[in-house]
Amino acid sequence: MAIQCSYYMEDVETRELPRRFLEAFSTILSHSNYAPLVDAAARMKLRCSRCAVSCPVYQASAERRDIPCDRSELLLKVYRRYFTVGGNLGARFGRPFVLTEDYINRMAEEFYRCTACRRCKLECPMGVDHGLITRLGRWTLAEVGITPKALVVATREQLDGKTHNTSAIPAPAMQDTCEFLEEDCADLYGMRIKFPIDVEGAEYVFFPAVSDYLLEPDTLMGNAAVMTATGGSWTIGTQNFDGINYGLFYSDRLLDRIVSAEVDEVRRLEGKKILIGECGHASRTAKVFVPTFCGEDAPPVLNIMEYTYAQWKAGKLKLEPDVIKERVTYHDPCNVARSGWITEQPREILRHICADFVEMTPNRSENYCCGGGGGTVSIDEIREFRTKTGGKAKADQIRATGAQICVAPCANCKKQLAEVCEDHGLDVKICGLHDLILKAIDPPESMRIAESDAEAPGQANAAEEA
Amino acid sequence: MIDTWIAFARGPLFRVALAVCLLGLVYRVGNTLWQIRSSHRQAGDKRLDTSTVFKATVNGLLPFRLLKVRPLYTIASIGFHLGILLVPLFYIGHVTLWQASLPLAWPTLGPAAGDALTLIGITGLVFVLLGRLLIRASRDLTAHEDVAILIFLIFLMASGYWAAHATSSPFDPRAMLLIHLLLGNLALILTPLTKIVHCVLGPLTQLLSEIAWHFPAEAGRSVATVLGKENEPI
Chain S
56 MAIQCSYYME DVETRELPRR FLEAFSTILS HSNYAPLVDA AARMKLRCSR CAVSCPVYQA
116 SAERRDIPCD RSELLLKVYR RYFTVGGNLG ARFGRPFVLT EDYINRMAEE FYRCTACRRC
176 KLECPMGVDH GLITRLGRWT LAEVGITPKA LVVATREQLD GKTHNTSAIP APAMQDTCEF
236 LEEDCADLYG MRIKFPIDVE GAEYVFFPAV SDYLLEPDTL MGNAAVMTAT GGSWTIGTQN
296 FDGINYGLFY SDRLLDRIVS AEVDEVRRLE GKKILIGECG HASRTAKVFV PTFCGEDAPP
356 VLNIMEYTYA QWKAGKLKLE PDVIKERVTY HDPCNVARSG WITEQPREIL RHICADFVEM
416 TPNRSENYCC GGGGGTVSID EIREFRTKTG GKAKADQIRA TGAQICVAPC ANCKKQLAEV
476 CEDHGLDVKI CGLHDLILKA IDPPESMRIA ESDAEAPGQA NAAEEA
Chain Z
944 MIDTWIAFAR GPLFRVALAV CLLGLVYRVG NTLWQIRSSH RQAGDKRLDT STVFKATVNG
1004 LLPFRLLKVR PLYTIASIGF HLGILLVPLF YIGHVTLWQA SLPLAWPTLG PAAGDALTLI
1064 GITGLVFVLL GRLLIRASRD LTAHEDVAIL IFLIFLMASG YWAAHATSSP FDPRAMLLIH
1124 LLLGNLALIL TPLTKIVHCV LGPLTQLLSE IAWHFPAEAG RSVATVLGKE NEPI
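Chains as they are written, first to last, in the numbering used here: chain S, 56 to 521; chain Z, 944 to 1177.
These are computed hints drawn from the structure, not numbers from a lab. Backbone N, C-alpha and C define an ideal beta-carbon position, used for all residues, glycine too. One thing to keep in mind: the hints can contain errors.
Stated by the list, open to error - Listed below are several chain Z residues computed to face chain S (Cβ distance under 10 Å; list not exhaustive):
1) R1079
2) A1107
3) H1108
Claimed, not checked - Stretches of chain Z that chain S covers, calculated by requiring three or more beta carbons in the stretch to come under 8 Å of a beta carbon on chain S:
4) 1084-1091
5) 1167-1174
Stated by the list, open to error - Derived DEER-like restraints, expressed as beta-carbon distance ranges:
6) G141/S to T995/Z: 31 to 39 Å
7) H983/Z to P225/S: 40 to 48 Å
8) K998/Z to E255/S: 27 to 35 Å
9) T995/Z to E255/S: 53 to 61 Å
10) T993/Z to S288/S: 40 to 48 Å
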């Protein structure tokens, strides 16, 4: 029997699949810190369904398989049967549960219906982190060769490929993009910005989500404008310039390798700190796991929003008030907001630069996921599920604000929300925080380009069209 | 004859059940704390945000957030837990029994408070059972064990109430007392062995979830080595 899911996979070796799954599960439990939680959750068997109230996927689908604790139960059932005394005794005297290929197939499907947003943990009376158990299930599946192809291919290119990034952008192409952006910023905004490449000894080594180089020019220009305006010492390394870390979504050992590769690049350049761009999971993986995998002398990690906010509060970055006239709302990326890490900084900036800022509800650490978390945003073949089911709660939230612009400071969220708005018929522009900051910066004289030297924004477009 | 059985249930059987319960719970808690300690020692990053864990534990145990969404179910759940925790531990009749086996003293609840908490507990249990059966998400997840334990607890509390109210009981109060004692002893034995163990593991699970995120630095590499995948391409 072949393993078949709603997402594409590379060929899965099904020979002795249940045995290999159990071997991988056992090995992971032995060498990680998951076992105590799994053991406690397996014994408590609460199944109170409080988590169903908080899960945006279940709220939209109303399917039992989308209740977080029911999904966790898939793995806990395996644990109870094969890893506890009671399970082994029960198997001798009753009709035992047997792990089959069908059951593994079911896990493969259902663990990727979770966006790993961890909102359910807020409701679980016992504090069981179902997102974590989903990760454990995905890692175990990955060790037997079951992972969405989109994630595997991107990670393979990042770790074993020539370009060392998930979008397969060669370093010269990245440098060309940076030069174009410098020119664009001069043409469109009258500001001289600089993307320093391979500068040794810089304070910050910058890792945006690499897809920003392809899809988010305004975000990157905004990042560079802030760094230039504040005189920040920063650089982009040509050996590794991708903050994306799909290891967070399906494999601890790949998570380790990707984080370590970032730190290697910082050390190669003799940089002091890691600066992550507007990307939720890239920020969280670096912030949480650089200290885990890279020792006590690992470089500190900062998100670009933290940097910008600190510089603005210190008076080193000037932002014009009420520059953005449209109604603006803010989406909290789960990976920076659920823990309460970054929630207020972007809001303070937005309240300053936007004339009409409105909150969506709920927000901050109780926010709803965009619907594309947990790596699912990269799986194009499940778009309908992602937007219509996973993204329904978010679409309703955005619609209720009446906003024309939704700020989502995360590459994954931006892609997902653009598709959510399209599929739900919402005429809302999705952009990053620095896209708006770019329009509100009051640059220092050294950055300004005399009007006679620069084209007006409309002229640049007219010239291109001509 | 029935008095002999009551004496047996209050005496040797109770002491055995209590020993099983206490030893079982001590083992479960001790084992969990040991695992937390071991996990913390092998974590790559040993910094723990204990204040956040504490707040999350309190928030989880006091489900005020859920009051907005499922008020009846939540109130029923709180009521049943209050009854099931306070009456066995503090009702004066029970404390007398505890103190016959344990050389300890603690405050007690009088008959009126005990009655009120028992009735609150039974009402809560009935509503939780109804919620289990009527709310779709709960019904989908409910296993036979969940229903059996709720019914078991209803019988336990109801038999205790009737045993304590000989004049108003529709049943023979001595028989009710014997049933209550037997069910109570069974509850003690089942506590460490069934999902009821959450009474002691529950407050530790937020910490377990937090510690599980503190990966050992070598975890991935060790797994790759054991599975023979160190040099396997992605």
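These are the hints, each one checked on the structure:
no., hint, result
1, R1079, "7 Å, holds"
2, A1107, "30 Å, violated"
3, H1108, "32 Å, violated"
4, 1084-1091, "holds (count 5)"
5, 1167-1174, "holds (count 4)"
6, G141/S to T995/Z: 31 to 39 Å, "33 Å, holds"
7, H983/Z to P225/S: 40 to 48 Å, "43 Å, holds"
8, K998/Z to E255/S: 27 to 35 Å, "44 Å, violated"
9, T995/Z to E255/S: 53 to 61 Å, "38 Å, violated"
10, T993/Z to S288/S: 40 to 48 Å, "35 Å, violated"
The structure shown violates the earlier hints numbered 2, 3, 8, 9 and 10.
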